[in-house]
Amino acid sequence: MPHLGVEDVEVLKEEFSKLPKPVNLVYFTQKMACDYCQDTQKILEEIAAVSDKVKLQVYNFTLDKEQSQKYGIEKIPATVVMDDKDHGIRFYGIPSGYEFTSLIEAILMVGKGESGLTEKTKREVKELKTPLHFQVFVTPT
Amino acid sequence: MVEAIEFPHLAQRYMVSGVPKTVINENVSFVGAMPEEMVMDYIRQAAGDGGK
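So the sequences go chain by chain: C and G. Residue 87 in this note's numbering sits at position 87 of the first sequence, and the numbers go up by one each step. Residue 192 in this note's numbering sits at position 51 of the second sequence, and the numbers go up by one each step.
Okay, chain G solo, but in the shape it has when bound:
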């Protein structure tokens, strides 16, 4: 969990304009709450394990 206002350099680096924004490793991100299955898709994508 990263509080965006206290760490503006990170918020800028990951282009956080809406919250909650989840960044997985450096390559995958999504904004807002997601159903578990969709989060798993993003996880697989970040892991280079298929996904969408």
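This is chain C alone, in the form it adopts within the complex:
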């Protein structure tokens, strides 16, 4: 059963068509011992099928060790949202329910190259010297 409804697809098609830059979804998965990996992949496949602007690359977490290390992936399902540059955006776990919206927003932000933050915040973030790691814990409902 498709995760995206007909209306979802229409809305996404419209939004993705306006993106100035293509977006890459780099997905890490494996067949065994991962309850949500298959469903996550299906959701990503459906998103990528909407538009040429969004491309999906799938890697096996254990077999494609080099790629897992390159992107610093230590748990799965893991989805990297990037353009030609890795901005450090990762989704760990299934992007369903409310998190589907978060994933779409991340795709649009990367494709537009615009975070939507105020100029003041951007300036302040630029001045930071310490590397920061953000983990936002969510539940899918």
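Since the hints were made in silico from the structure, they are not lab data. One or more of the hints may lead you astray.
[What the hints assert, rightly or not] Here are the computed lysine to aspartate or glutamate pairs in the EDC-like style, where the Cα-Cα straight-line distance is at most 20 Å:
#  : chain 1 : residue 1 : chain 2 : residue 2
1  : C       : K122      : G       : D182
2  : C       : K21       : C       : D84
3  : C       : K120      : G       : D182
4  : C       : K120      : G       : E178
5  : C       : K55       : G       : E178
6  : C       : K129      : G       : E167
7  : C       : K21       : C       : D83
8  : G       : K162      : C       : E105
9  : C       : K122      : G       : E178
10 : C       : K126      : G       : E178
11 : C       : K126      : G       : D182
12 : C       : K129      : G       : D182
13 : C       : K126      : G       : E177
14 : C       : K120      : G       : E177
Assemble the complex: chain C is given as a structure, and chain G must be docked to it using the hints.
Chain G in isolation, oriented as in the chain C frame:
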């Protein structure tokens, strides 16, 4: 973004009882949506750059 139910060891480690819970580095966290300015305060705090 970390789905708490799929990664219970992390949810436990960072004592996630409400969502969304944001953890910055290992030392700063907050629960719920925050205005941008307040998030910046937490960021400065995590960076050891003043803040509150």
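Hints and how they fare:
Restraint check: the Cα-Cα separation between K122 (chain C) and D182 (chain G) comes to about 14 Å, which is no more than 20 Å; the hinted pair holds. A distance of roughly 9 Å separates the Cα atoms of K21 (chain C) and D84 (chain C); the hinted pair therefore holds under the 20 Å criterion. Simply put, K120 (chain C) and D182 (chain G) have alpha-carbon atoms about 13 Å apart, close enough for the 20 Å limit, and the pair holds. Between K120 (chain C) and E178 (chain G) the CA atoms are separated by roughly 9 Å; this keeps the pair inside 20 Å, and the hint holds.
The suggested pairing of K55 (chain C) with E178 (chain G) is violated, with an alpha-carbon distance near 34 Å, which exceeds 20 Å. Among the hinted pairs, K129 (chain C) with E167 (chain G) is consistent with the structure: their alpha-carbon atoms are about 17 Å apart, no more than 20 Å. Straight-line distance between C-alpha atoms of K21 (chain C) and D83 (chain C) comes to about 7 Å, which keeps the hinted pair within the 20 Å bound. With a C-alpha separation of about 19 Å, the suggested pairing of K162 (chain G) with E105 (chain C) holds against the 20 Å cut-off.
Using a Cα cut-off of 20 Å, the hinted pair K122 (chain C) and E178 (chain G) holds, with the two alpha carbons roughly 11 Å apart. At roughly 15 Å between alpha-carbon atoms, K126 (chain C) and E178 (chain G) fall within 20 Å of each other, so this suggested pair holds. Taking the CA atoms of K126 (chain C) and D182 (chain G), the gap is near 14 Å; set against the 20 Å cutoff, the hint holds. For the hint pairing K129 (chain C) with D182 (chain G), the CA-to-CA distance comes to about 15 Å; that is within 20 Å, so the pair holds.
The straight-line distance between the Cα atoms of K126 (chain C) and E177 (chain G) is roughly 15 Å, inside the 20 Å bound, and the hint therefore holds. About 10 Å separates the Cα atoms of K120 (chain C) and E177 (chain G), which keeps this hinted pair within 20 Å; it holds.
The earlier numbered hint that this structure contradicts is number 5, and it is the only one.
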